[in-house]
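We have chain A; now place chain B onto it with these hints.
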Amino acid sequence: MSNNETMSLTLKIWRQKNQNTKGFFEEHKMDDVNPHMSFLEMLDLLNEHLMQDQKEPIEFDHDCREGICGSCNLVINGVAHGPEMRTAACQLHMRKFNDGDTITIEPWRAEAFPMIKDLVVDRSAFDRIMSAGGYVSVGTGNAPDANAIPIPKQQADQAMDYAVCIGCGACVASCPNSSASLFTGAKISQFANLPQGEPERKRRVVAMVEQMEKEGFGDCSNYAECEAVCPVGISISAIAEMRREYMKALI
Amino acid sequence: MPTTEQPMNTFKWDSKIPSGPLGEKWSNHKNNVKLVNPNNKRKHNIIVVGTGLAGASAAASLAELGYNVDAFCIQDSARRAHSIAAQGGINAAKNYQNDGDSVWRLFYDTIKGGDYRSREANVHRLAEVSNNIIDQCVAQGVPFAREYGGTLSNRSFGGAQLSRTFYARGQTGQQLLLGAYSALMKGVNSGKINMYAREEMLDLVVIDGVARGIITRNLVTGEINRYAADAVLLCTGGYGNVYYLSTNAKNSNVTAAWRCYKRGAAFANPNFTQIHPTCIPVSGDYQSKLTLMSESLRNDGRVWVPKKVGDKRHPNDIPDDERDYYLERIYPSFGNLVPRDVASRNAKYVCDEGRGVGETGLAVYLDFRDAIKRDGENVIRDKYGNLFDMYEKITGENPYEVPMRIFPAVHYTMGGLWVDYNLMTTVPGLFALGEANFSDHGANRLGASALMQGLADGYFVIPYTLGDYIASAKPDKITTDHKAFEETEREAVAQLDKLLKIKGKKTILDFHRQLGKVMWDKVGMARNEEGLKEAIAEIREMRAEFWENVFVPGEPATYNKYLEYANRVADFLELGELMAVDALDRRESCGGHFREESQTPEGEAQRDDENFSYVSVWEFMGLEKDPVLHKEDLIFENVKLTQRSYK
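So the protein sequences, as listed, match chains A and B. Per my numbering, residue 1 is the first one in the first sequence, and the count goes up by one each step. Per my numbering, residue 1 is the first one in the second sequence, and the count goes up by one each step.
Looking at chain A on its own, in the form it has when it is part of the complex:
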């Protein structure tokens, strides 16, 4: 589609005042969507129209708009982050849709992510999983020379593959069980692949897995939906690795 054409869309957007009120889909028609806009820029434009009519805009989380901060959390046409593989909603562009499309937009839905407003939910459960053990306990100033421990490239690359998790929560939103196993497994696997993670290996996996359960996330039953929607392509081998680590820690 060329730069000058605009698209017409029908949007069905979830509106909800707060956790204690009932939500509903609200329909909006737009006829001035440029195909080169990002998905969030399309929502910006809708909000501009709403405010020009002195109406309340739609709340949604966003920040970096480069796919790295992990703020954006939209379920688009039933898929977390929308139709484009390995792409966060902020990096999705309208050229991936067709003129005349109807698009539904919903928030992450999971018991462990309580509703705040409209498309905004509370993901602080992830922070609590991290604070339970997602770190190497090394005080500032207490480090040996960076090259003192050589780490094979392959191993460092493997750790990096897990470390790129942006903590968006799409894995939870897409999982029929609302499991946070991919998120938790990614952090555990990063450290399990590095010598720095060794001393706290057992304590870490037990603490993080227990916290995950305490927060009300479900168990993993290998649907692998999480891997399919992960915007940075974290492999479900992270979950296998987490289970292996957990078993070893309990023995």
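It is possible that part of the hints are untrue.
Simulated restraints on C-beta separations [unchecked claim]:
#1 544/B <-> 210/A: 56 to 62 Å
#2 473/B <-> 141/A: 21 to 27 Å
#3 317/B <-> 177/A: 51 to 57 Å
#4 486/B <-> 221/A: 33 to 39 Å
#5 397/B <-> 12/A: 17 to 23 Å
It should be emphasised that the hints constitute simulated quantities derived from the structure, not laboratory data. Note that the coordinates shown come from a computational prediction; the quantities given were computed from them, not determined experimentally. Just so you know, even glycine gets a beta-carbon here, dropped at the ideal spot from N, CA and C.
Here is chain B on its own, set in the frame of chain A:
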């Protein structure tokens, strides 16, 4: 126009630079600072605002020392602070490559890169602690890129002829921030840090001239809260979003720093803005932000435009002898790796000549054809894969086959709150760290130095200098019942109420875009006296209209992102004017500040060391009153000032 000028050497504040030879200043200072007994540290509350590299590293380090830390961020998690988006790398003087690097060279490159508008002592300290940062991050489990032998890998960045940049693919900022964030979460787990996410600082509480707390708004409930402390650390990043379009995250803002300015913290070099040369060009009016393509790409990508004006052929159809690799042509020694200000300015020149490419003519090519031919696509994918993917998602073009189109965009602000050597602002008890302060990058920051500075300030500077302040100032106990808290809260709430009551006809975005355009056109890549004066007048008019005619939706006591936004744009509308005023005062060109009246015959920035070798330090005198300019003279005892040359 502002009142200015005092005679030399009567600078109002003390920069507290330690005496002694340059290389010994920091060690001596550390040996001389006062200490706080470990048992006493737990009696002190410290507020840390912002959880990017500077804030998270400071909060974690101070908590480890025993202080009680209250940390705040506007995002829903501390991990989302905008440091997360830094791509390319972090500098350190490790000399692992045996290519002759040293603390001196990193110091020298940084001072020179900043066009001699930063303090020698601060920059030297930064270079000294750079190596500790890498050690610390590796110990935390940051998965830096490695060689097959298991040692750390390095690459080059602009403004340096050495490979001193450590990196984790194209996500170095993410990995460093997650390292600092995990250290922060460890502090949360041990109970030493109270983490308040989605809570925004609205104002600083000053009692008897000393910073004693903050007023915040809970962004979920709209509740207004008071927090008292013995010191407040501002780690709130930069203010590039004053230009509306920038590479900053959408929620990055100046509000916390600006409110501190209005409470007495002087603002230094506000006009010093970094315009990054390699960003994805603007494609339309709807655009909400600009995306950076890491400078590391200039290691392998070659920048060019067609030799002929108006050459509309497909780039792959333009033969080599009809291409102008202008950076390689003009700067043979640094080539595509000239510093950012130089690369940006040259992109502007070739586009001004009509040789720009793409639909708008406001872009140049960054071409990987030769690197792919030389190293193979796999090697290039390994180094930059995620950046290439991101480019393709945004533009719909495949950069392995077609050259990237890039254009400069606002990226970083070297200016910020003035701080002394201890990182303390002109308000005792208020410190500023990372991009929020002005201290280390002069008039232009070198690539891969922002991560270095954020972590240097948080991990290795503030733990010493804060202790010195606490031990010397011995702050007495106060509570949030103090009338200063009540008054400050009342003022902050009044502003929010006022915004909501206007119910005007224009949206907040209308004003922000309008401000951004004036800033980009007149306080952007090139500035002149006439344009700056126009900018000042236009911003004043815009500000007046904003307070009469903006529409802010919703209620105060709920989640209301547009209320947050309005409150931030209100401050940008004041800051923009100060930036123009500052740019007008500095009638020289230096680094990112290019005054058209001051250039060499070849069009390079022409510094005027005799008249402008100072830090511009602005003191707030009241709303709609001119700020007062104080000048901190920059004294160079170790480097010789030369006209920068990258030829």
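Here is what the structure says about each hint:
1. 544/B <-> 210/A: 56 to 62 Å: 58 Å, holds
2. 473/B <-> 141/A: 21 to 27 Å: 24 Å, holds
3. 317/B <-> 177/A: 51 to 57 Å: With Cβ atoms ~54 Å apart, the hint holds.
4. 486/B <-> 221/A: 33 to 39 Å: Since the Cβ atoms of residue 486/B and residue 221/A sit about 55 Å apart, the hinted range of 33 to 39 Å is violated.
5. 397/B <-> 12/A: 17 to 23 Å: With a Cβ separation near 32 Å, residue 397/B and residue 12/A fall outside 17 to 23 Å, so the hint is violated.
Of the numbered hints stated above, those contradicted by the structure are hints 4 and 5, listed in ascending order.
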